[in-house]
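Fit chain B to the given chain A structure using the hints.
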Amino acid sequence: MTLFIQQLINGLALGGIYCLAAVGLTLVFGVLGFPNLAHGALFMLGGYFTYSLLVDVGLPYVVAIVCAALVLAVVGVLFERLIFHPLRKAPHTHHMIATIGVMFFLIAVVQEVWGTGFLRMDSPFAGRMTVVGAQISSQRVIIIVTAMVVLIALTWFLKKSVHGQAIEAVEQDRTGATLVGINPGVVSMVTFAVSFALVAVSAGLVAPIQLLSPTMGESLNLIVFAIIILGGLGSLPGAIIGGFVIAIAEVMASTYISVAAGEAAIFILLMGVLAVKPTGLFGMVEQR
Amino acid sequence: MMEKINPRLLGVALVALALLAAPLVLNDQPYLIRVTTTAAIYAIAAYGMNIILGLTGQLSLAHGAFFGVGAYIVGLLTTDHDWSFWGSFLLAIVATTALGYASGLIALRTQGAYFAIFTMALGFLIFIVVTRWESVTHAHSGVSGVKYPENIGPIDFTQPTTMYYFVLFILGGAAYTTHALLRSNAGRSLVAIRTSEDLARSIGVNVAVSKQLAFTASAGIAGLAGGLFASLTGFIGPDSAAIDVTFEFLLFLLIGGMGTVMGPVIGSLLVAFLFEMLQDLQSYRFIVLGPIIVLLVIFAPKGIVGYLNDLIPARRRRRQRAAARAEDAHEATSATRTKEEVL
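So the sequences go chain by chain: A and B. Offset between the first sequence (1-based) and our numbering: plus 23. Offset between the second sequence (1-based) and our numbering: plus 17.
Here chain A stands alone, though its shape is the one from the complex (with noise of 0.2 Å):
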């Protein structure tokens, strides 16, 4: 029982980094109706900027984290700006294959700036908690916690600012925002700077329990499109319930099959939902 406790704390702060990575993924999709496929390799790109941020630089761990999500804003808009923005007439193929290559593009870059070797990085946060019985690392909480506040707050922004209600927008119907005044192509730099954020956020929270490596984002990659296709694509509540599910499903799988289980659980879990459903749980848009 202390065991499947700690397990599924451990799932739930999993699924808070899952969260967040694929919050931000379905943002892009909703908007632009493309799958950003290097949305891994931004992952890996934020965690090793918090790095940088934290261990050369020497900043605090939460304003290292902060500093690195707005660096990786910046990168977004430059990247709706200089790529997407130029292929918005083209075949969603052709996005797809950019975002193919600005991901081999990006893992390149890391490996000569950063080396191909595994880096680690302490916690500030170094204790541990008992939740009954069970032994917690600190880090976990912390999250937890911070998934939640940053969930909130983007549900926050989403509903009630400007920013956000054009996001959904755009997301429901392009034409009908463009005619009531809505500039698309402010809404997608927008959409852009949240996601790359997010994704930058999740990277730096989990860089503490995981070790940084060029390749980290490969993994994660598959499961956050595991979690927003599990939750239909462009649906909210789909990929942060996805997000939790997949998790929790990773962890048990692993702790009680073997590691390799945990692995598969996920896709074999992504198959099934697709051949039952090809529009996933919350999926309603017709896909085109």
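It is possible that part of the hints are untrue.
Only part of the chain A face toward chain B is listed, based on derived beta-carbon distances under 7 Å [unchecked claim]:
#	residue
1	F128
2	Q195
3	L293
4	V296
It is worth saying that the hints were derived from the structure and are not from the lab. Backbone N, C-alpha and C define an ideal beta-carbon position, used for all residues, glycine too.
Same frame as chain A, but now just chain B:
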């Protein structure tokens, strides 16, 4: 006189001649023959990808994995189980075709982005199986000592030139199949699906069956190329089933020209020799190639062959206009000349 030569045919003939004559020029450099053979094998796989991506317009990210499965079947059967190359090669083709069929049944229920992500997950799942199923695949230590094709009569496949011509023969088959497909109803159905699935359905194309056939065939061709690759290199590791392989196929197609007959072979050869030249920059390879991909997609999505194809009709139209003007001027003097003759 010049007007009688079809520039497209001329291009194909030149490429074919260059490929056929390559070993004569490179006779004293077996290494370069090997590089060309490897490029030709990749070109075969790119033809496979061309059917599903170039013709049908569906981005499949599982093709590197199909290539890997073909490579592993030949690799494992010829080493651990002492099969002949030919037997295992045949099985590799049959098995990857069957795998393509089975995964197509689920994958093709999805469309667009879902399809790309689904196939990416499928590719990753195959990669996990290859790296984790150590007792069968040897995981990270890979498979070494893969057999060369056994002699057929006097034909000795251990000669680099023989292997080269064998691969070239299959490559020619792949190019011809694409050519024939583009002219057939089946191929036109695929192109119609690329343009608009609803439109294709409304003019009576059986979209589900067409896509299933395209995906199955393209998986089988990727597996075939994988089998050849294992035999040529003699060693395969999990890298041959990774998504990087899919990315390279994409690169070949994009540079050569998606959906064209000659695109895959031109793209593969060009990139193979580019890689050869950039070998000192091996680690920087993707720093260069990533932006190239992005720039190509934005500025030249049709690739080299697509670009050249676009030039031809423009030139022909100019010639036709010039001929028409000439005819107007000479109408009085050459009354017997008909417009058809000039065209």
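Do the hints match the structure? See the list:
The interface hint given for A/F128 holds, since its Cβ lies 3 Å from the closest Cβ of chain B, which is under the 7 Å cut-off. Because the beta carbon of A/Q195 sits about 18 Å from the nearest beta carbon in chain B, more than 7 Å, this interface hint is broken. Given hint, A/L293 at the interface with chain B, holds; its Cβ is 6 Å from that chain's nearest Cβ, closer than 7 Å. The restraint placing A/V296 at the interface with chain B is violated, with a minimum CB-CB distance near 10 Å, outside the 7 Å limit.
The structure fails hints 2, 4 (numbered hints given earlier, in ascending order).
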